[in-house]
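If you're matching them up, the sequences are chains A and B in order. Its first residue numbered 1, the first sequence is counted upward by one per residue in our numbering. Its first residue numbered 248, the second sequence is counted upward by one per residue in our numbering.
Everything labelled a hint here was simulated from the structure, so no lab data went into it. A quick note: this is a predicted structure, and the numbers were derived from the prediction, not measured. Among these hints, one or two may not hold up.
Cut-off 25 Å, straight-line C-alpha distance, at most; resulting in silico cross-link-like pairs (DSS-like, lysine-lysine) [to be verified]:
(1) A:K86 - A:K133
(2) A:K133 - A:K103
(3) A:K34 - A:K199
(4) B:K507 - A:K240
(5) A:K224 - B:K486
(6) A:K233 - B:K340
(7) B:K340 - A:K105
(8) B:K349 - A:K211
(9) A:K144 - B:K484
(10) A:K224 - B:K484
(11) B:K249 - B:K400
(12) A:K220 - B:K484
(13) B:K340 - A:K204
(14) B:K417 - B:K249
(15) B:K516 - A:K224
Derived coverage of chain A by chain B (criterion: at least 3 residues anywhere in the stretch with Cβ under 8 Å from a Cβ of chain B; other residues may be distant) [as the list claims (entries may be wrong)]:
(16) 2-15
(17) 68-80
(18) 212-226
Built from N, CA and C at the ideal position, the CB exists for glycine as well.
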Amino acid sequence: MYNIIVLFKQILDIDQMKIDEKTGEPVTKNLPYKIEDLSKNAIEEAVRVKEKYGGKVIAITFGGDQATMSMKEALAMGADEGIILKGYRENNPTLTAEVLATKIKTLQYDIIIMGNQSADSYTGLLPGKLSSKLNLPLLGNAIKLEMEGRKARVTRSGEQRDYVIESDLPAIISVEQEINEPRLPPLVQIMMAGKKPMKVEEIKVNVETYKKVIWNRAPKSDRKRVVFEDIDKGVEEISKVIRSEVK
Amino acid sequence: MKALLFSESGDLASQLLTLLRDKFEINAYILSKDDISEYGASNVFQIETSFPYADNLSSFISEEFKKWNYHVILMVSSPLTRDIAGMLSEILKTEAITEIMKLETGENNKFYTERFFFGGKTIIREESDARIFTFLAGLTDPQKVNTKSNVQKIRIDLKSRVSLVNEIEKPKSSVNLEKADIIVSAGRGIGKKEGLSVIQQLADVLHGEVGGSRPVCLDYHWLSEERQVGLSGKRVKPKIYIAAGISGQVQHIAGMRGSKTVIAINKDKNAPIFNECDYGIVGDLYVVIPKLIEKLKK
Ligand SMILES: Cc1cc2nc3c(=O)[nH]c(=O)nc-3n(C[C@H](O)[C@H](O)[C@H](O)COP(=O)(O)OP(=O)(O)OC[C@H]3O[C@@H](n4cnc5c(N)ncnc54)[C@H](O)[C@@H]3O)c2cc1C
Ligand SMILES: Nc1ncnc2c1ncn2[C@@H]1O[C@H](COP(=O)(O)O)[C@@H](O)[C@H]1O
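All chains should be built: construct the whole structure from the sequences, respecting the hints.
Written out as structure tokens, the structure is:
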């Protein structure tokens, strides 16, 4: 039996994101939110640990009111309780870590599962930050997780070799995309998940470091975009292009 | 400004030294015995330790940082240094900016950084008082200088709360996609592992290398990990990049943006890759590629 905390982030649906042709800036208005990709793997892994060894999964997101739908999805995937923390500000891992750590300190848990790097901002700082703040061992970049009594064992992927590492509980585990294939709960289940306990809380913290966005825009793409639907014509033209380039 | 550079390998350290030696006075701490004495570091410390892991390395780096009054910490991005950056940012109570491709110093100890955002769709420029930076690998080729660094070995024995149970070797291949002039990349659209043979044939005709999208390399293991192109793989800059059966999701594009000419082959004419290519053919890759090979052989 394990008490599991899973941390998930809600992000804008990047695949649907359009770029304003004039300014190069992303159009974020009316863009739907979704659960961040690696967070989904984290939720899936948390639920698998529960299903295999027994226990309870508490899902936490620092995201504000609009996170309700994502939280329902997390509950539908198998989390037992949800906590939504308000006051989120984009792209501020120091604030996120402070808020999450403050909340986590009030809870009972054996493991915390999270993604190793979020798919939108790609910062990857939270696992290390939380490990320091909560003074817990970090088993990072897991492609496999096994529990054995009061120990967690993780296969961590590296460039030249994989490492099997372990630590005592409580511990933080950050997962890679390859660890599992997240389940897709049917829509009815997402609706039903509304019956599970879900809390919305506000945690006030102070963050003193300074970071400001100067701009955020798409790099200019000046590709020619000559696309052939006639295969033979395309092959003819493209082989010419390749030849002139290779010589 | 004094900088502490930490790196897992000599090659990555010499890249970063080449990129940053004009901006900082750098001491390089490396986790290997590689000789990097000719890349402009004042001192090179070769660290020996039993099990280098994020927590024990973070305590070591933060002690050095405080002891020698370094101004900034510079690292090459990797899973290990990302964990270290997170830990250090809390231990030293300072911002960390990861995976950057550009760093400029401003006034009043401010820094300007540029990095990918929204999964690689945009680039974000930020001003901060951060003192920890991790850089994308492959931003520059290592270049030697005329001076030599002092080289010293240091042995550290710090305890980690994580223990190593086992190491599993991965099959080695020594492809260097970053340096390839021609890359033919396979996506999930090849449908089966055997499909790689036509990709390989095209690469052979062009004397190029084979690359792949993330599903092909990591999920299916049809190709080795070093061949993955993209945000979490390699950033390549060939003269010709041919994407076959690749949809063109942002994370893939982020890795091939530096290519001179991009050619896409995809059977879906609405695939996003056609917005990111110079030339494209709408069609089944199993029809298109053999025809292309035939034409090129002539
Ligand atoms: C944090 C994070 C990091 C990531 N990093 C990377 C990365 O570094 N690199 C990377 O590649 N991805 C990365 N991804 C994954 C990325 O989002 C996409 O899922 C991936 O790039 C899709 O690969 P694909 O184009 O091969 O497959 P798909 O998107 O499935 O596309 C297959 C394409 O093949 C076409 N096709 C099918 N059959 C044929 C045929 N017979 N002939 C011609 N065309 C055909 C289809 O029309 C389709 O467009 C990352 C994702 C996340 C969340
Ligand atoms: N706002 C958030 N609320 C809860 N968990 C988060 C939040 N942001 C990030 N995480 C978790 O931290 C992981 C790594 O994110 P990051 O360090 O931001 O790249 C994500 O995959 C999530 O599991």
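Going down the list of hints, with the structure as the test:
no. : hint            : in the structure
1   : A:K86 - A:K133  : holds, 20 Å
2   : A:K133 - A:K103 : holds, 12 Å
3   : A:K34 - A:K199  : holds, 19 Å
4   : B:K507 - A:K240 : holds, 16 Å
5   : A:K224 - B:K486 : holds, 15 Å
6   : A:K233 - B:K340 : violated, 61 Å
7   : B:K340 - A:K105 : holds, 19 Å
8   : B:K349 - A:K211 : holds, 16 Å
9   : A:K144 - B:K484 : violated, 33 Å
10  : A:K224 - B:K484 : holds, 17 Å
11  : B:K249 - B:K400 : holds, 20 Å
12  : A:K220 - B:K484 : holds, 16 Å
13  : B:K340 - A:K204 : holds, 19 Å
14  : B:K417 - B:K249 : violated, 38 Å
15  : B:K516 - A:K224 : holds, 16 Å
16  : 2-15            : holds (count 3)
17  : 68-80           : violated (count 0)
18  : 212-226         : holds (count 13)
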